[in-house]
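K.L.:
Residue numbers (my numbering), protein chains in the order written: chain F, 1 to 490; chain A, 1 to 315.
Keep in mind that the hints were calculated from the coordinates and are not lab data.
Predicted model only: the values in this text are computed from it and were never measured.
Positions of the beta carbon are idealized from the N, C-alpha and C atoms, including for glycine.
Possibly wrong hints are sitting among the right ones.
Said to hold, decoys possible - Per label pair, the in silico range of CB-to-CB distance:
hint, chain 1, residue 1, chain 2, residue 2, range
1, A, 245, F, 246, 43 to 49 Å
2, F, 332, A, 146, 46 to 52 Å
3, A, 92, F, 418, 38 to 44 Å
4, A, 123, F, 361, 54 to 60 Å
5, F, 297, A, 168, 53 to 59 Å
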Amino acid sequence: MVRHILSATVLAALLAGGAWAKTDITLGMQLEPPHLDPTSAAAAAIDEVVYANVYEGLTRFTSDGSVVPGLAESWEIADDGLSYTFKLRRGVLYHDGATFGADDVKFSLDRARVEDSTNAQKALFAAIDSVNVIDDATVEITLTKPNGALLFNLAWGDAIIIDESDASALETTPVGTGPFKFSNWVQGDRVELVKNPDYWGDPVALDKATFKFISDPTAAFAAMMAGDVDAFPVFPAPENLAQFEADPRFTVLVGSTEGETILSTNNKAGPFVDVRVRKAVAHAIDRQAIIDGAMFGYGTPIGSHFAPHNPAYVDLTANSTYDPELSKKLLTEAGYADGFTTTLKLPPPSYARRGGEIIAAQLRAVGIQTEISNLEWAQWLEEVFRGKDFGLTIVSHTEPMDIGIYARPDYYFQYDDAVVQAMISGLDAITDPDDRTEVLQALQERISENYVNGYLFQLAKTGVANAKIQGLWQNSPTQANDLTGVSWAE
Amino acid sequence: MLRYGLRRAASMLVSLAVASVVIFCAIEVVPGDPAQYMLGLNASPDTVAALRAELGLDQQPVTRYMSWITGMLRGDFGISYTYRTPVAQMVADRLWISLPLALYALILSTAIAFPVGIMAAARRGSVVDMGVIGATQLGIAVPNFWFAMILVVIFAINLGWFSAGGFPGWEGGLLAGIKALTLPAIALALPQASILARVMRSALIDTLGEDFVRTARAKGLSRRQVLWRHALRNALIPVLTIIGLQFSFLLAGAIIIENVFYLPGLGRLVFQAIAARDLIVVESVVMLLVFAVILVTFLVDLAYAWVDPRLRGAR
Numbered sequence: 001m002v003r004h005i006l007s008a009t010v011l012a013a014l015l016a017g018g019a020w021a022k023t024d025i026t027l028g029m030q031l032e033p034p035h036l037d038p039t040s041a042a043a044a045a046i047d048e049v050v051y052a053n054v055y056e057g058l059t060r061f062t063s064d065g066s067v068v069p070g071l072a073e074s075w076e077i078a079d080d081g082l083s084y085t086f087k088l089r090r091g092v093l094y095h096d097g098a099t100f101g102a103d104d105v106k107f108s109l110d111r112a113r114v115e116d117s118t119n120a121q122k123a124l125f126a127a128i129d130s131v132n133v134i135d136d137a138t139v140e141i142t143l144t145k146p147n148g149a150l151l152f153n154l155a156w157g158d159a160i161i162i163d164e165s166d167a168s169a170l171e172t173t174p175v176g177t178g179p180f181k182f183s184n185w186v187q188g189d190r191v192e193l194v195k196n197p198d199y200w201g202d203p204v205a206l207d208k209a210t211f212k213f214i215s216d217p218t219a220a221f222a223a224m225m226a227g228d229v230d231a232f233p234v235f236p237a238p239e240n241l242a243q244f245e246a247d248p249r250f251t252v253l254v255g256s257t258e259g260e261t262i263l264s265t266n267n268k269a270g271p272f273v274d275v276r277v278r279k280a281v282a283h284a285i286d287r288q289a290i291i292d293g294a295m296f297g298y299g300t301p302i303g304s305h306f307a308p309h310n311p312a313y314v315d316l317t318a319n320s321t322y323d324p325e326l327s328k329k330l331l332t333e334a335g336y337a338d339g340f341t342t343t344l345k346l347p348p349p350s351y352a353r354r355g356g357e358i359i360a361a362q363l364r365a366v367g368i369q370t371e372i373s374n375l376e377w378a379q380w381l382e383e384v385f386r387g388k389d390f391g392l393t394i395v396s397h398t399e400p401m402d403i404g405i406y407a408r409p410d411y412y413f414q415y416d417d418a419v420v421q422a423m424i425s426g427l428d429a430i431t432d433p434d435d436r437t438e439v440l441q442a443l444q445e446r447i448s449e450n451y452v453n454g455y456l457f458q459l460a461k462t463g464v465a466n467a468k469i470q471g472l473w474q475n476s477p478t479q480a481n482d483l484t485g486v487s488w489a490e
Numbered sequence: 001m002l003r004y005g006l007r008r009a010a011s012m013l014v015s016l017a018v019a020s021v022v023i024f025c026a027i028e029v030v031p032g033d034p035a036q037y038m039l040g041l042n043a044s045p046d047t048v049a050a051l052r053a054e055l056g057l058d059q060q061p062v063t064r065y066m067s068w069i070t071g072m073l074r075g076d077f078g079i080s081y082t083y084r085t086p087v088a089q090m091v092a093d094r095l096w097i098s099l100p101l102a103l104y105a106l107i108l109s110t111a112i113a114f115p116v117g118i119m120a121a122a123r124r125g126s127v128v129d130m131g132v133i134g135a136t137q138l139g140i141a142v143p144n145f146w147f148a149m150i151l152v153v154i155f156a157i158n159l160g161w162f163s164a165g166g167f168p169g170w171e172g173g174l175l176a177g178i179k180a181l182t183l184p185a186i187a188l189a190l191p192q193a194s195i196l197a198r199v200m201r202s203a204l205i206d207t208l209g210e211d212f213v214r215t216a217r218a219k220g221l222s223r224r225q226v227l228w229r230h231a232l233r234n235a236l237i238p239v240l241t242i243i244g245l246q247f248s249f250l251l252a253g254a255i256i257i258e259n260v261f262y263l264p265g266l267g268r269l270v271f272q273a274i275a276a277r278d279l280i281v282v283e284s285v286v287m288l289l290v291f292a293v294i295l296v297t298f299l300v301d302l303a304y305a306w307v308d309p310r311l312r313g314a315r
């Protein structure tokens with residue numbers, strides 16, 4: 001550790017003397033990762049530090065969401081879609097000097113899918129039947145049933161490849177194959193990464209990256225203004241963005257995320273069992289007012305549970321236009337002419353707390369009274385997510401391509417629809433892209449027309465950066481701060 | 001003096017034992033599951049169960065209480081659920097910021113409050129006294145987080161003399177560390193100094209009205225000599241009480257200031273740990289803070305006895 005700090009200091013001193021462009025960067029993040037092992041927790045902050053920087057998987061996401069080769073150089077898919085043969089890159093070293101090989105792939109994927117695995121996204125690996133080492137640089141993955149999403153699933157941070165001997169200590173001393181090595185973690189304050197000189201791919205421009213954890217939005221603003229941090233890829237206070245936009249020292253990066261922000265509705269609770277009531281709720285909501293009021297205009301309206309930047313997206317917002325009169329009519333038809341009272345339980349993010357107040361007012365206008373309660377995340381998970389004790393709640397589902405949750409009748413919004421379940425299990429078996437698109441579109445329509453939840457908007461990624469930084473991800477296909485292409489302009 | 005000290009120490013131990021039970025029970029009843037929190041919205045129930053087993057959360061509360069207490073007596077605070085590092089190490093790291101910050105603020109507060117309070121009391125009713133009363137009233141009324149933000153705007157954003165926050169670590173040098181703690185310490189010290197100055201002033205005024213002061217004056221001592229030699233020492237008891245309370249407050253209650261300056265101190269650790277339901281961290285840190293408060297009270301009790309020998313025999 002001391003050696004790392006020393007070498008980093010020497011490096012910094014050397015660079016400070018030169019006239020080159022800056023080669024270190026400090027990024028601000030609102031939440032600190034609990035630890036640095038993405039294979040045993042869901043916290044987005046973990047991937048925001050390590051994804052593509054420290055660890056790599058067989059495939060990886062790029063900024064536009066496409067899946068490209070990672071540690072696998074290429075692959076072949078058998079005609080029946082039941083086996084994938086990956087050719088691995090040769091000459092790849094872990095940060096501790098060990099050589100990457102087919103055994104590591106088998107170990108990592110098997111570890112993620114065993115019975116007592118604590119991988120938060122274990123479902124990603126559900127279709128895998130076996131992982132076989134063919135030779136040192138070839139791995140075959142066989143499936144129990146075809147899974148068109150396999151390459152996509154393997155790009156997640158939860159599917160990284162690690163060396164068996166490092167597995168137990170990844171939480172505090174991450175060892176991967178990426179372009180940056182873990183150097184130091186001052187808990188509560190920052191994580192530091194340094195350039196990996198032995199990286200197999202294109203060398204990165206940065207020598208050092210520091211992730212600084214600043215939870216308070218006002219402090220985040222001050223830190224940007226004072227130049228303590230160079231960029232805040234997910235800036236916590238949208239109300240300050242206009243001020244940054246007007247300042248030539250900064251650029252504001254507005255991009256898309258995988259976060260469908262929805263008014264989750266308990267489909268098994270009281271009036272919401274009736275689709276007419278859910279439809280009435282959908283028509284009572286003025287999405288634009290919520291986007292403007294709660295998100296300061298950042299966000300794209302959605303009409304189903306699907307990301308607008310995905311090629312298979314269909315715009316279904318017309319199914320739930322703002323129409324309070326229609327809403328009242330539907331409530332009367334359903335037997336609630338005088339309205340009813342339900343609960344609206346809000347987790348901490350500002351989209352929920354601010355959006356909740358606006359939605360409550362809009363629902364009141366058609367006769368639906370809401371009892372608002374503000375919950376912490378842990379409480380929300382206990383009461384709403386696990387206990388299913390709620391009428392309405394607002395939450396952003398940030399996992400990429402998570403429409404599959406609609407096939408889980410025990411999921412917290414309790415939507416039980418055999419048609420959707422059949423479509424989703426059928427989707428797994430389809431590998432042809434056009435056929436997949438067709439099914440995905442039908443799914444979006446089905447969910448939208450059944451008004452399972454109130455569909456509000458796609459969360460925007462709003463970041464702030466020093467105007468001289470180039471190559472930061474504008475979009476967020478997965479929650480990450482990929483620094484491989486980041487550099488300072490001269 | 002020794003018997004007095006032992007009696008105080010015994011009551012300190014009883015308080016600690018009671019506190020440990022109260023803390024454990026209070027945290028037990030809070031809803032929320034650390035395993036679910038860590039695994040998020042997509043995890044299947046059996047994954048959550050596997051993690052609960054790994055963390056030892058599936059054991060009975062009594063078993064967990066006993067292992068917590070016996071571990072702590074041996075100096076083993078357990079392993080954090082979320083950070084997966086020893087709690088003792090985390091707390092020690094944070095203490096290296098919280099403790100110096102509290103001391104720094106306390107020194108500033110005392111250094112301001114003593115002269116100001118004494119000056120005001122010595123010239124009671126004068127313009128200086130009025131000015132002190134007004135200024136300290138304002139100092140108490142101003143919320144310290146707001147004052148902190150004003151400091152950041154002036155000294156970090158506009159003048160660029162300080163960082164807006166953060167802590168470089170003591171390995172970056174003593175001066176750099178002290179510099180990073182300066183704005184937070186000032187923000188913390190201002191309200192405390194105002195309170196302390198007012199207490200100092202009124203305690204001194206009370207003492208100056210006592211018979212023994214008149215006697216001392218009658219003996220021929222000057223006002224100045226009476227003030228420094230007799231009145232001040234007797235006025236120290238309420239001041240010490242307030243200093244004791246303030247130190248405990250500064251150690252445990254600096255959380256808002258830690259947030260404004262994003263300092264990785266104890267307060268923020270507790271805050272994060274509560275949100276993540278990292279119960280073992282919450283329990284251990286709260287226990288430690290209780291211990292610190294009780295210890296400070298104990299030391300203040302001893303200091304009373306030193307200042308006022310009459311208290312040594314008292315019950």
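K.L.:
Determine for every hint whether it applies to the structure shown.
P.N.:
Results of checking the hints against the structure:
Restraint check, residue 245 of chain A to residue 246 of chain F: a C-beta distance of roughly 46 Å satisfies the suggested window 43 to 49 Å. Evaluation of the 46 to 52 Å hint for residue 332 of chain F and residue 146 of chain A yields a pass: the beta carbon distance comes to about 51 Å. Distance hint check for residue 92 of chain A and residue 418 of chain F: the Cβ-Cβ separation is about 57 Å, which falls outside the suggested range of 38 to 44 Å. In this structure, residue 123 of chain A and residue 361 of chain F meet the distance hint of 54 to 60 Å, their C-beta atoms being roughly 59 Å apart.
The hinted range of 53 to 59 Å is not satisfied by residue 297 of chain F and residue 168 of chain A, whose Cβ atoms lie roughly 38 Å apart.
When held up to the earlier numbered hints, the structure conflicts with 3 and 5 and fits the remainder.
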